[in-house]
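**Student:** So the chains spell out like this:
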Amino acid sequence: MNLRGYLKLAQAPFQTMLAYRTATLIECLGVVLRVYLMRVFWTAVYGGGGPVEGITLPMMITYATLSNVQGFVISSWVQWAVQGKVRDGSIVIDLIRPYGFLRSLAASHLGGALLWGGPMAVLTLVASLLLVDLQPPASLAAGLAYSASLILAMGVNFCLLTMVGLVAFWTLELFGFNFIFEFLSQFLSGGLIPLWFLPLWVRRTAEWLPFQSLAHLPLSIYLGKIGGTAIWMALLKQAAWIGLLAAIVWLIWKAAERKIIVQGG
Amino acid sequence: MHRLRVLGLVMLAGIKSRMEYRLDFFLRVTMGVVWNLTSLIFIWAVLTRFRSMAGWSQEEVFFIYTLRLLAHACYCLLFHNVQVVSRYVRRGGFDRVLLRPLNPLLQLITWEYDPAGIGDLGLGLVCFVMVSRLLEFHWTPPALAFLVLVVAGGCLIELSLFLTINTLAFWITEAGRLTWLVVTFSDNFALYPLNIYNGVLQFVLTFLIPVGFMSYYPATLFLNRTGDTLFSPAFAYLTPLVGLVLFALAYSFWRVGINRYQSTGS
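Read top to bottom, the protein sequences are chains D and V.
All letters in the first sequence, in the order written, are residues 1 to 265 by the numbering used here.
All letters in the second sequence, in the order written, are residues 1 to 266 by the numbering used here.
So here's chain V without its partners, still in its complex pose (with noise of 0.2 Å):
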């Protein structure tokens, strides 16, 4: 409980001084819904001339497209300082964290704040309204307590990912730059139905980067259309669960890392 106090004592001194720079924090929550904007218009505005893609409507995709931006949001509001580990690696301000008596994690997670996440978020909360009226969805509180579990597990997904990629930086020290790679995967591979492709990708989305498991399979249970999923059927259901066991494998990796850590010297 005293950890979670000071947790969030830390994170709430880290948005008051983004709150300094009054511009800032507005031009950055901007930035967030504009960067969002860009995918979501490029989707609407092909399918509004051709009206489907792979047996997907325009509203459809627009839900599957909602479902990633949410869990993305919950990512950015929360973890986002996770891609700015490797950086600290590098230049040996990992030190620092070491030596203070709180999770090393915890504490590069709150250190400094990205407001980028509350566009995402308010942005995301928008499309979900939208898309409900749209798909005529009568959300029951069971549907909506999954949705919850959806969102949570497809943030874990995504933590995961970048948690890996950043604690590669205890060997390698251009990692940062892999982060870019998974960016390009779980910004743009994630936003289509994962059934246009090859079944390469198919495994590759499902399997070794699961960002499928962010959008897809639970969209498919949402949108009554199980039948369609890859794999099995069961797959719709699992994204609470593939989010939970891929955060502990992560952060096993995160605490092999840690042990191996040895300070630049510099």
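Next up, chain D with everything else stripped away, as it sits in the complex (with noise of 0.2 Å):
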């Protein structure tokens, strides 16, 4: 198998990022604003009350700087990528490369997540800590588990935004379908407002997709809201996610790969 050249698809991402430093700041600190203000906000929110649906408040700080802190390691341009590809016609160079167009997307996500993802993260984590108090995992174990938690979280969003990337060989535009899809995921996954502070029929509903995978879970690990055998099984959930969506888009690949003859390029 071609190693390298995946190697050095995964690397570009942090090249592009040396390249836009300003942007990079930028983007740094808008995050950081946002931890702060989620802060203020759910101090206000508590008002010096106690714990609700057992998270108190300083839970529900660590809860929410980590939740603006792992985008960065979670989230993807991957739908843009394919996008771009389908529109220009350059999809029909990565065909007769010698590589996988899936494979060489996950190397170059991979790449993203860790190499711009990973250091995005560390530093606005550490810039965050100055305005905002955040808790450690609830043990070493739960520590341990949302690392892999935040992988495998990694894996299923990935999946996702390809299949949201692929519907542009279908309606070469993904400006709407992209925008709805992430106002769904940004509140079903709990990555805004914790499940627990939702309706039941939220909980229910989310229960049954793959969005909480993205942040209800590995953040319930982290605070010890989900431990001991439960984690195997959110772990679990999520590794299944992750089979069932790479399967679809595998699917959807194979019908895209047809659909490519007919636009000619």
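If you're looking for bench data, these hints aren't it; they were derived computationally from the structure.
Here the structure is a predicted model, which is why all the values come from computation and not from measurement.
By construction, the Cβ of each residue, glycine as well, lies at the ideal position given by its N, Cα and C atoms.
One or more hints might be untrue.
What the hints assert, rightly or not - Quick partial rundown of chain D residues pointing at chain V, CB under 7 Å, derived from the structure:
#: 1; residue: Ile26
#: 2; residue: Gly30
#: 3; residue: Leu33
#: 4; residue: Met38
#: 5; residue: Val40
#: 6; residue: Ala44
#: 7; residue: Gly48
#: 8; residue: Gly176
#: 9; residue: Phe183
#: 10; residue: Ile193
#: 11; residue: Phe197
Said to hold, decoys possible - Derived list of chain V stretches under chain D, where covered just means 3 residues or more per stretch with a C-beta under 8 Å from a C-beta of chain D:
#: 12; segment: 51-64
#: 13; segment: 182-194
Stated by the list, open to error - Label pairs and their in silico Cβ distance ranges:
#: 14; chain 1: V; residue 1: Ser232; chain 2: D; residue 2: Gly143; range: 24 to 34 Å
#: 15; chain 1: V; residue 1: Arg100; chain 2: D; residue 2: Pro119; range: 22 to 32 Å
#: 16; chain 1: V; residue 1: Ser232; chain 2: D; residue 2: Gln11; range: 19 to 29 Å
#: 17; chain 1: D; residue 1: Ser139; chain 2: V; residue 2: Asn198; range: 27 to 37 Å
#: 18; chain 1: V; residue 1: Arg87; chain 2: D; residue 2: Gln11; range: 24 to 34 Å
From the two separate chains plus the hints, produce the assembled complex.
**Tutor:** Encoded structure:
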């Protein structure tokens, strides 16, 4: 297998980040501002009161901060990469290159997540610590499980966004579709509001959807809301979603491949 | 008068050309709604669980949100293009604007039309009717008249902020990126009662990036809580004035920027 080729692809996002230093810093600053705003918001909402649904204010601030910061590692532009390639026809070049299209997407996504998202997350986290008190993970095991869960979340999001991206083979335009998708993802993942605070019917719905793998599960593990054997169940759930979604992506890709010929490049 | 007619025609042409692509037009309007719904659902869901924040009830926070949304909708509907000024300047497209016999700023504003503002306004009006009912407001003509002034003032405040940032493009190439930071402030920090912030931020949001005047200060007046204004109770009345003064300043700055403009030469 052509591992070196994939490694090169994985490095590209890091080089892009170095090339756009101002943009990078401003993006960090924006997230730090949001982290701070969320601290102020939740402090005002709790108003000195006790825990709600077993969540104390320091826990909630930790939740909101991590949710914002981990976005750097989990999020991806893979859908825009696909749209761009489909629109300008460069997808044809990807197809004649000696590597798999989906695998090359995965390589640059992972590269982006680790080499761009990682440093960005650390940078933002350090800056955030000046403004926000962060609680440590519930236990050492919880901390380790959180890291594992985060990596799985990365996989789930990659599959979801690739799915969104492949829609471009039929519509050529993702803007509206992606917008609605991100709207749903924000709420059903628990990234914006913890699922515990939402009405029961929303929680029930979220249970059956892949989105909670993105924020709710990893952060619940971190805070110890999910502990013991339930941790294994949560990780298994995330892994199962990756399997299922990857299969769906592969099927859509097979259909899309036939579609390219129709379009003629 | 002639100028206004020309502007009206150009703007209409912009809307028409957008309407050519029906689906895209419809999607952009929907996006305006959905974008604002995100923060609305966030506030609504959290306060349904927690009931109040810093002494403001769920309905009162909803009212503050609505005031900002109405002002923001007017800004988007009329002036959204100010945000692309830095792009025109950087790419040299600004030359064309200077050659035409019409105020450059007015030309830029009417250049393209973003239908998202229609969605913002739609949602804003729905919110306004709902919150008026929830708070059992009886709008008298003077109160309504002042509300219109407040919304216009808030609209001018947002316009001035974006105009100032984009005027920086005459000096700094990367000014467009700063827009994003101002959006963070005006989109997020103006949503909540100002008294949740610490002294430094209250000062910033009142005097430096005065988005507090878009929503919080006038809201204390409409909600009969002028005792909760910060710095001075008179601030509750100041929104229209702040809007005008800020716009005058921003526009002067813009004039300075234009005079400094040198084409990119590409």
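**Student:** Each of the hints needs a verdict: does it hold here or not?
**Tutor:** Hint by hint, here is what the structure shows:
1. Ile26: 5 Å, holds
2. Gly30: Constraint on glycine 30 of chain D satisfied, holds at 5 Å.
3. Leu33: 5 Å, holds
4. Met38: Constraint on methionine 38 of chain D not satisfied, violated at 9 Å.
5. Val40: 5 Å, holds
6. Ala44: 4 Å, holds
7. Gly48: Nearest chain V Cβ about 11 Å off; hint violated.
8. Gly176: 4 Å, holds
9. Phe183: Check passed: Cβ of phenylalanine 183 of chain D comes within 5 Å of chain V, closer than 7 Å.
10. Ile193: Where the cut-off is 7 Å and the nearest Cβ of chain V is about 5 Å from isoleucine 193 of chain D, the hint holds.
11. Phe197: Cβ of phenylalanine 197 of chain D sits 5 Å from chain V, so the hint holds.
12. 51-64: Per the Cβ count (3), the hint holds.
13. 182-194: With 6 residues closer than 8 Å to chain D, the segment 182-194 of chain V meets the three-residue bar; holds.
14. V:Ser232 with D:Gly143: 24 to 34 Å: At 50 Å between Cβs, range violated.
15. V:Arg100 with D:Pro119: 22 to 32 Å: 47 Å, violated
16. V:Ser232 with D:Gln11: 19 to 29 Å: Taking Cβ atoms as reference, serine 232 of chain V and glutamine 11 of chain D lie about 57 Å apart, which means the hint is violated.
17. D:Ser139 with V:Asn198: 27 to 37 Å: 33 Å, holds
18. V:Arg87 with D:Gln11: 24 to 34 Å: 30 Å, holds
In summary, the numbered hints that this structure violates are 4, 7, 14, 15, 16.
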